[in-house]
Amino acid sequence: MQVEKTQEFRPKIVAFCCNWCSYAGADLAGSSRLAYPADVKIIRVPCSCRVNPMFILRAFQRGADGVILCGCHPGDCHYTTGNYYARRRMTLLFSMLDYLGVENGRTRVEWVSAAEGVKFSTTMNEFVAKIHSLGENVRLGDLRCKKD
Amino acid sequence: MHRTEQEQAELLKEISGVDTKKCMKCGKCSASCPAYEEMDIRPHQFVSYVQNGDVKALLKSKSIWKCLSCFACVERCPRDVKPAKLIEAVRLMVIRERGGNYLTPDEVPELLDEELPQQLLASAFRKYSK
Amino acid sequence: MQRIGVFVCHCGTNIAATVDVARVVEAAAKEPGVVHAEDYQYMCSEAGQLKIREAIKEKNLTGIVVCSCSPRMHENTFRQAAERAGINPYMVEIANIREHCSWIHKDIEEATEKAVILARAAIAKVTLNAPLQSGTSRVVKRALVIGGGIAGIQTALDIADAGYEVDIVEKTPSIGGRMSQLDKTFPTLDCSACILTPKMVEAAAHDKITIYTYSEVEKVSGFVGDFQVDIRKKARSVDMSKCTGCGVCQEKCPSKKTPNEFNRGLNTRSAIYTPFAQAIPNVPVIDRENCIKFKTGKCGVCSKVCQAGAIDYEQKDEIVTQNYGAIVVATGFDTIKLDKFDEYSYSTSPDVITSLELERIMNAAGPTKGHLERMSDHKPPKSMVFIQCVGSRCADKRGKSYCSKICCMYTAKHAMLIRDKYPDVEVTVFYIDVRTPGKNFDEFYRRAVEEYGVNYIKGQVGKVAEKGGKLLVQGVDLIDNKRILMETDMVVLATAIEPNPDVRKIATMLTASIDTNNFLTESHAKLRPVESPTAGIFLSGVCQGPKDIPETVAQAGAAAVKVVGLLAKDHLVTNPCTAKSDELLCNGCSSCEKVCPYGAISYEEKEVNDHGIRETRRVAVVNSALCQGCGACTVACPSGAMDLQGFSNRQILAEVDAICR
Amino acid sequence: MVYSYYPGCTLKNKAQDLDRYARMSAEALGFTLEEIEEWQCCGAVYPQASDEIATKLSAVRALNDAKEKGRDLVTLCSACHHVIKRVNDDMQNVEDIRTRANNYLKLDAPYEGETKVLHFLEVLRDRVGFDTLKEKVVNPLTGRKIGAYYGCLLLRPSGVMAFDDPENPTIIEDFIRALGAEAVVYPYRNECCGGYISLKEKALAGNLVDHVMESAVDKGAEELITACPLCLYNLKNSGSSKKVPVHYITELLAEALGLIKE
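Protein chains in written order, with the working numbering: chain A, 1 to 148; chain B, 1 to 130; chain C, 1 to 661; chain D, 1 to 262.
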């Protein structure tokens, strides 16, 4: 049993969620008991525009296999325009990650409103499945962090 | 090639580029049409007939030969639907079929008169025949 | 070194059924800095909170982590508990092990493992938390209302009645707005002036209300609670303290050719004028562009006839600077220009008019003294045609995409009034839909049809052409599927309304957002309908969206309540999770300033001590009263000088590390 | 200034006056209309269907010819102007039509709507200027009450044609005033006369012409001018109402410029 567990690939997935829409959407997924894999761990940020590309690079460096950023729908940002900044920054970052050999599928931006518990859960299920299909991320991992 | 009425309706939408769903049924096209009285199916009805897939009636309609291509309906439509394009598409669907021509060369001599401009013949053949 | 306490909640069985709480406690206790860890049935209960308070005191905790439900539920509860025990409320972090864990996972092993990781991330974050102090900012107990129509007047009256000072700034020479131009109002048909003028008088007489007419807002700075506003009082050329409002100057003024704006250009007025007889203040202004004295230097008739000696050609514009705690926008609307709808012959025929023009024609104080007549030959019409939705509900660029909302009702009103007063006039209405959602509205419309015999035709008009001194209306009846070609004497166009064109300029000054149709955006379409997303800015009337009078008055009252709620506070507590710039790292590049949606970042020349070197640098300074804490600037900053308190780079990275460990 | 000029089928035939007076007047006003070589009939009807390509090619050839000479393309007949202007718009904005038309034509360089299409009246208004025109008038048409007949093709759809306000145009009225005559504005000046269907639908065309004539007469017009040979034919020959004479715009222009010797 124990042996089987360690052999199974359990991806590490970081989800940045804005406080106003997506974090609330995740709460709604929870209160609606809409399951998604436990591999997803959410970090709360005030707005998607708070997410510095550095945070995502750091996650990959520390062994994350996928990073997803969720924010309010365009036009619905609590801070009016934050999600537009996020979208532009992530577009740039993702193209750079692609260049570095980190597959496009390992990163994703999704707009999830506070009412979209279903969407949150579906998105996370899809994303985890995608990461499973891509397997372990080896590109940016800091070898010093690697544990045997 | 045989098409169902629904397929014909889709084809009409495609070659006309008209999105029939945009229509809010105000009737301004028909209110603007100078040929309205001569039409058995009116401009606004072309939009709803196509939307409802009722193409057979349109193919038989004499309205397609009465449309003046004056674009008053296009200009004044508040929803940018462009009924004239739909009427032209129906007309094309008819004349593209064998035997669908509304004007044949042997009819021409008796229609001619002294002053008739070439342009009228050119346009008549383009509108009525393939 | 922090001393951290971890409190794991069972939430009854909500958490404990899928998360092995004891294992979470055990794992948390091993994390660096954790000196206390325990679990309890309901942490949010009084008993649970007591446990937290006691632990803080007994173990000298400096920070706490509560593993429980979503912070959106109980973050405040636990912050207050921490504060009561004497530590800073911002030294609390929540690990959401209910909504994000126990409720969505079935496998106890998996859920427990995840709960441990979430706890670890929260511990890592709280280790880097710093005490934060909510600031306070002052509230100036005075409100500004921009626009003196019914919306502005009602808002001002409600605020003033609650005991606060209010200033109304109105661009035209009198308050009253669009409502003062109306003849009767639906659905009760009371005379507009009879219900509006008492309110105008009340506002003018109110000891808490100051009215600036013929004035405009010129500059706005500051923020919620303390806006500083420059108001330009345009030179009236008449001394308000001396003028008695006798009206002789207007009578004697030789320049009488200026189109009368109040009557929508249907007649003319003198160069010195009050817009209408009940104007408040009842003091005329000189329209300098059309005054002979100002144009040629000669004339001066008004000055000669004024017994009070009130005429002052030398008067200059004056700037009044005033501070306000809150600002209400009530700038109202205008009808759209009809130059793109000439199929209706509005530009070419004087007998084709807008509904607002008809209001003036039907008004006893209007250009025809209330007699219904054609503007071309002043003959009474025998038949009239009303066309609905002119410029409303348009998908093309000619008009507006929205429904103007008021036209169906005022058209029914006009039709009914005309049939009532002139039963021999035939009235036909061309409509697309008749929209009458409102109390007693549909009944009103049905009365127009059933009792007054107004002929409603479902269909539109394609062309209106002048012919033989009459108007030839070419339309369609969609129910009968037949062409309508009728001669008529007058055509009335239910012209779309649009926000007052000045609103764009005002919204920019206020940093209030505006939609593609120039309507001001509300903070939440359902739940915050009278607040702008910009704190301290409120919306009243049609500037926010098309409305009739009852709705406008209701919204005006709602806006006033929000203003009063704000002004009632002695100070405002500011969110301490604001951006902060490290002046040693800042290179003054302005990147942060450009992305800030609140204008919270400015630059100062500041003397800094950089490793012993003293120099003056241009550095970013965040106004914490304006900053809302979104963090856009932190990412824009190329030198890493800008950080967000409560969500700092180091804190978030620590969470990332803890999750990926 | 030399413009490429597309006369079209009718101006070479039944409407030679329209063509001849245009060229004479152009020279008198300081510009030249140089007929493009080997032009083909535009078909006189703009094909609106998205799958019609072959019927647009003659217009593209004319447009490309002007492009190669680096000139603006001037038209006179309303139908030609309508067809060429709209095909040009397709070549600018409709990728599918642009690609397919270029695939057919195999030009040296693909044509992408570079040519500017001007109606003769637009040259007078925007390049010569009606004020200049007024100065060049030697034989002002004083006292004549002239109605402009726009018809439909010059004005609509206004988004593409961008000729004038489609419901209340003024360009021909300004032209009439520049020639010294009185412009009579009447509401049916932009309503269709039914020219296109006058071959087979005589009754309908007659009806529409009557509406236009009645409207013009009601407002006091004593003669009408038009840019379209088909409208001219139809206004003259269809309908039963009282008629006023109809002329080409260029006929009056040449007269006012003193180019017609009695």
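Where hints are given, some of them may not hold.
The calculated BS3-like cross-link candidates involving lysine-lysine, where the alpha carbons are at most 27 Å apart (straight line), are [claimed, not checked]:
#, chain 1, residue 1, chain 2, residue 2
1, C, Lys-316, B, Lys-25
2, C, Lys-252, C, Lys-316
3, A, Lys-119, C, Lys-397
4, B, Lys-21, C, Lys-316
5, B, Lys-130, D, Lys-202
6, B, Lys-62, C, Lys-458
Don't read these hints as lab results, they were simulated from the structure.
Hints, verified against the model:
no.: 1; hint: C:Lys-316 to B:Lys-25; verdict: violated (56 Å)
no.: 2; hint: C:Lys-252 to C:Lys-316; verdict: holds (24 Å)
no.: 3; hint: A:Lys-119 to C:Lys-397; verdict: violated (36 Å)
no.: 4; hint: B:Lys-21 to C:Lys-316; verdict: violated (58 Å)
no.: 5; hint: B:Lys-130 to D:Lys-202; verdict: holds (22 Å)
no.: 6; hint: B:Lys-62 to C:Lys-458; verdict: holds (25 Å)
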